[in-house]
Structure formats: structure tokens, C-alpha cells
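Going line by line, the protein sequences match chains A and B.
Each residue of the first sequence is one higher than the one before, starting from 1 at the first, in the working numbering.
Each residue of the second sequence is one higher than the one before, starting from 1 at the first, in the working numbering.
Any given hint might turn out to be false.
[Claimed, not checked] Here's a subset of chain B near chain A, in silico, CB distances under 8 Å, partners left out:
1. GLU128
2. TRP161
3. SER167
4. LEU171
5. ARG174
6. GLU181
7. GLY187
8. ILE188
9. GLY240
10. ARG283
11. PRO284
12. GLN285
13. PHE288
What the hints contain is simulated information worked out from the structure, not anything from laboratory work.
Computed from a prediction, not measured in an experiment: that's the story for all the values here.
C-beta: ideal position from N, C-alpha, C; glycine also.
Chain residues, written in single-letter form:
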Amino acid sequence: MTVQDGGCATVLSIRGLDAFYGAAQALRDFSVELRGGEVLCLLGRNGAGKTTALKAIMGTVHRPHGRLVLDGRDISGLAPEAVPREGIAHVPQGRRLFSDLTVAENLQIGLNVRPVGRRGLSTALALFPVLAERMSQRAGTLSGGEQTMLSIARAMCLDPKVILLDEPTEGLMPAAIARIREAVAQLRAAGVAVLLVEQRVDAVLPVADRVAFMENGTIRARLDIAEVRADPSVLNRYVGLGG
Amino acid sequence: MDLAPYLLLAGLEGLVEASVLMLSALGLSLVFGVMRVVNVAHGEFYMLGAVGGWAIASLVPDHPALGFALALLIAPALVGALAIAADRGILRRIGYDPEATIVATIGLSYIIQQVVLMTFGPDARAVEPPFYLNIRFPWFGYSGYKLFIVAVAAVLVGALWVGLRRSRLGLMMRATQFDRETAQNFGIPVGRVYSGVFAMGAMLAAVAGVLIVPANQAHYLMGHDPLLMSFVVVIVGGLGSIPGTIAAAVLIGLSDGLMSVFFSPTLAKIVSTLLVALVLVFRPQGLFGKAETRA
Ligand SMILES: Nc1ncnc2c1ncn2[C@@H]1O[C@H](COP(=O)(O)OP(=O)(O)OP(=O)(O)O)[C@@H](O)[C@H]1O
Ligand SMILES: [Mg+2]
Chain A
1 MTVQDGGCAT
11 VLSIRGLDAF
21 YGAAQALRDF
31 SVELRGGEVL
41 CLLGRNGAGK
51 TTALKAIMGT
61 VHRPHGRLVL
71 DGRDISGLAP
81 EAVPREGIAH
91 VPQGRRLFSD
101 LTVAENLQIG
111 LNVRPVGRRG
121 LSTALALFPV
131 LAERMSQRAG
141 TLSGGEQTML
151 SIARAMCLDP
161 KVILLDEPTE
171 GLMPAAIARI
181 REAVAQLRAA
191 GVAVLLVEQR
201 VDAVLPVADR
211 VAFMENGTIR
221 ARLDIAEVRA
231 DPSVLNRYVG
241 LGG
Chain B
1 MDLAPYLLLA
11 GLEGLVEASV
21 LMLSALGLSL
31 VFGVMRVVNV
41 AHGEFYMLGA
51 VGGWAIASLV
61 PDHPALGFAL
71 ALLIAPALVG
81 ALAIAADRGI
91 LRRIGYDPEA
101 TIVATIGLSY
111 IIQQVVLMTF
121 GPDARAVEPP
131 FYLNIRFPWF
141 GYSGYKLFIV
151 AVAAVLVGAL
161 WVGLRRSRLG
171 LMMRATQFDR
181 ETAQNFGIPV
191 GRVYSGVFAM
201 GAMLAAVAGV
211 LIVPANQAHY
221 LMGHDPLLMS
231 FVVVIVGGLG
241 SIPGTIAAAV
251 LIGLSDGLMS
261 VFFSPTLAKI
271 VSTLLVALVL
281 VFRPQGLFGK
291 AETRA
């Protein structure tokens, strides 16, 4: 385990990941280090390859090259269904709940992934108490904000070492966004390595430790958050005004 | 003429037919629901259940009950193993592409038929019922074995229903059915779920085949009708919907029984086929299915 400057250990090291949809390459030489208790924000315009990067980590897109090392163990060759069992949880873009299934069943699917007990579930329910009142309701009938909460709660049920969140605030009202941010902060405080994909810079500034910009399937720039906070205009080089 | 005895007889015959149909149609529906492919060789799994059941039962000719019990356990297991081999060897290799799967399973069904023809010959084979019990009604006696078919089918379908709703495997199957990629993101081995579902579908057909041999006979071409009728049931009931499949099997089995007794089996098939055409035109999601909700 390597200890980095922030005092956080690298949990997941990703090196030179390429990913393809058929013959089309959508991810090129993607490399990041995710550290425990740290939030890395991945920014970029539509089609930059952010979602593809997360899918490549999960192994659900063809990724012939690259190395994934989790806690010192090479997991690059694992089957897609084995990746989450190592403790990498995914909150996919658009939530991707099992909408025909109940809230309880969606959470159970998260609990079934690893033999970690129900600690992650209790943390999630403490964060999102509304879910506890909706247990037997079909997930598809929840409100948009509740669905996002369920998607995050389902991932928290893995008691993950790493969590990948793909635009969790997309389409939410400010109050709901605040709840999601709170969840991210809590995961960070619990020592989880967080990779947060967003399009809007203002949505991530308060919770990010580091920022990386993607363009054309690869990382174009990495910025220290202190630098960005001191002078947000550095962002304008990479994204349009206001994201 | 007193109608009551005829109605009762037709109802009983219809119920027996509905039970067998329900098992075989549920197999087809399960495979379509989870894997989104149509298995044209489904009728051959039914036939293999029947022929395999005969082959196994004839190993213990002196104990019909024992022979039948062995057939009911072993034949579906063998058919399930064959289905897993077909899934790994064929369907997985063609990526479960819907059109390619139809063509591949048509081929598979001819291969199975011809192998059975070459191995067991063209004769119809009879299996002795495990027990003889004549249930006396005021007007006629009825085979207790046929009512046993109904009971076994009801128990199996009940178990399948509870298993899908309550067990961990059932949850995995429903999650895979809904969203394969997300299921994988949550550690569900969708490849193995597919193999398992294909095997379960085949075994349901095979059980139906074993159950029917003591009442009918085993023959290498016997898979054709159940395939057709299973399609009818699955389309009328709504593809992939288990309650719909059960309801449609009972509806079609009973109407088939009634029409076969009062008119002719051919008319019964014509009416079923017409029903499918009407359903496809006016209610393509099936009488009991809900409209496609996924965007
Ligand atoms: N299933 C797919 N098949 C083929 N190409 C795809 C597929 N999914 C994504 N792509 C392509 O890969 C590129 C990257 O897409 P990706 O979804 O990763 O972008 P993104 O950064 O997540 O965008 P957004 O902000 O809109 O979610 C795009 O050019 C897209 O068209
Ligand atoms: Mg995306």
C-alpha cells in the first residue's frame, strides 16, 4: 500500500485503460489513482467518455488493455460479476434501478454481493430515512430524488471500498442535490474512495478533493482543488462557463 | 340428453391438458422472459422427456411405480444437462442474438428428432402408469393417474412461483431479466443465470413429457404440438408473464378439452390459433400481460 501526499492510501490504481464499443475506441489510456477518504471528480462534456470509464472499471465494456490494482491485488482479469464482489460499487447514470422490484429487493441485491453484513444498509437508511418507509413499494414508483437515493443506498449495501457515482445529481432539485452531496461526504469520511462523475463544476466543488477533465475518451488535465477554489476561472479552459 | 357428465368429462380432460401445457409453456415463457430468446427446440425437450422417461421406465419393467419415479427424476435431469450444453455450446456463442437463436434452435430441434429416430426408432412407446386408480363419478370412471398429473403440475408451478418470489436465485433471475448489465454490476453471474434458466425451461418441458407418456405415448415427432400450443399460451398470456401463462394455459386447455369433446380436436386447434391472431392484433402484450413499461 502506498501512502500519498494527503495521507490517504491508494485503494484502486487504474493504469492505461482502453475500452471499445465494437471497433470504436471510447476510452484511451485512462489512468487514475483512487485513494481512501478522497473524492476524485471526473468532469467532461457529453460524450467525453466518463460513463465509459466507469463501465471499463466495472468490466462491462470490452477493455483489452490496462491494469486495475485494488489494495495491491491485480483485478484486471476478473469477470464483470466478480468486480463488485471485490468491493467496487457502481451508481450508474440514470440510476438503473430494478424498477419492477421493490425497494427492499433492490437493497437485497446490493446486500447479496458481498458477505459484509448490514452495516452499509443501516448507514444508507440513516442517510435516506424515506427509503425505510417505502420498502415494499416498487422502485419504479418512487420519485426521481428517491430513486437516486435508492440507487446510492443499493451501492452502499456492498459496504464498498470504492464507489463510482455517475452524474447522481442529474435532473434533481437543489434540496435533493444537497442530500446526495451529504451522502458523498459521509462516504468520504468513512474512508471510501469516491470517483464522482459530474458535468456541472459547481455541483462538485464543495465535495471534491481532486478534479480530472476528460475529453475524447482520455484525461486532458488534472487539477488540485485548492487551485480551482482559489481561481475558478481555470476551469473555463476545459468546460463552458458554468459547466 | 343430459349435458352434465359430458361437461365434467370435458372439464377434466381440459384440466389435464391445461396442466401439461402450463408446465411446457412456463418453460418457454421463462426462457423468453429472462433471456429474450425464443427456443424453437422447446418441443424437443418435451419429447426427450417422454422418450427418455420411457427408456428409463423400461429398465425396471416389473415395478411400474419405481420405473416411473426414476423416469420423473432422471429424464428431466438429463434434459437439463443437455440444455446447459446447448446454451454453452450454441446460444452463448451466437451472443443470444434473437434471430440467430431461432435459426440455431430450429437446427437443434431437427438434430434431436433425428437422433431419437435413429436411436429409438419410429414406433410410439407406451409407459405403464405408476398406479391404477379409477375415480368413480356417478356417470363414468376417470383415471386417477390423470388427476395425479394435475396435482404434480400444480405443485411444481406453485414451487416455481414461490421460488421466483422468495429465493435468492429467483431474485437473481428477476434482476437479470430486468437489466442484464446492472445485474452484473451487482455480482450476479448472468452467464450462469442464463444457463440455469435455459435448463429450468427445458426441464419443465421434460417433466411435462414424462407426465404425459403413461396417458399418451412417446414418439419422436410428439414435440410439435406442445411447441405450437406453448407458443399460443405464451402469446395469449403475455410473453414472460408467469401469472398470464398460468391463466392462459387453463383457459386454452379447458376450451381445447371442451371443444375436443363436443366438436373435434381439429376445431379446437383452429379456435386456439384464431385466438392468437386476435390477441396479436388487438392486444399484442397478451390478455394478461402489461404493456411494455421499459423505455
Ligand atoms: N453502447 C455504446 N455503443 C457505441 N458507442 C457508445 C456506446 N455508449 C457510448 N458510446 C460512445 O462512446 C463515447 C463516450 O460515451 P460516454 O457515454 O462514455 O460519454 P459521457 O462522458 O458519459 O457522456 P454524458 O455526459 O452524455 O453521459 C460517445 O462518443 C458515445 O457515443
Ligand atoms: Mg455519461
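Status of each hint after checking the structure:
Given the 8 Å rule on beta carbons, the hint for GLU128 (chain B) is violated: about 45 Å separates it from the nearest Cβ of chain A. At about 16 Å, the closest approach between the beta carbon of TRP161 (chain B) and any beta carbon in chain A exceeds 8 Å, and the interface hint on this residue is violated. For SER167 (chain B), the interface hint is violated, since its Cβ never comes within 8 Å of a Cβ in chain A; the closest pair sits about 11 Å apart. The criterion of a C-beta within 8 Å of any C-beta in chain A is met by LEU171 (chain B), whose closest approach is roughly 6 Å, and the hint holds.
Residue-level restraint check for ARG174 (chain B) holds (minimum Cβ-Cβ distance to chain A is 6 Å; threshold 8 Å). Below 8 Å, beta-carbon pairs count as interface contacts, and GLU181 (chain B) has one with chain A at about 5 Å; its hint therefore holds. The interface hint given for GLY187 (chain B) holds, since its Cβ lies 4 Å from the closest Cβ of chain A, which is under the 8 Å cut-off. With 8 Å as the threshold, the beta carbon of ILE188 (chain B) comes within range of chain A, its nearest partner Cβ sitting at about 6 Å, so the hint holds.
At a threshold of 8 Å, the smallest CB-CB gap from GLY240 (chain B) to chain A is about 11 Å, leaving the interface hint violated. For the restraint placing ARG283 (chain B) at the interface with chain A, the shortest Cβ-Cβ distance is roughly 20 Å, beyond the 8 Å limit, so the hint is violated. Hint status for PRO284 (chain B): violated, given a least beta-carbon distance of 19 Å to chain A, over 8 Å. For the restraint placing GLN285 (chain B) at the interface with chain A, the shortest Cβ-Cβ distance is roughly 15 Å, beyond the 8 Å limit, so the hint is violated.
Against a cut-off of 8 Å between C-beta atoms, the interface hint on PHE288 (chain B) is violated, since the closest Cβ of chain A lies about 16 Å away.
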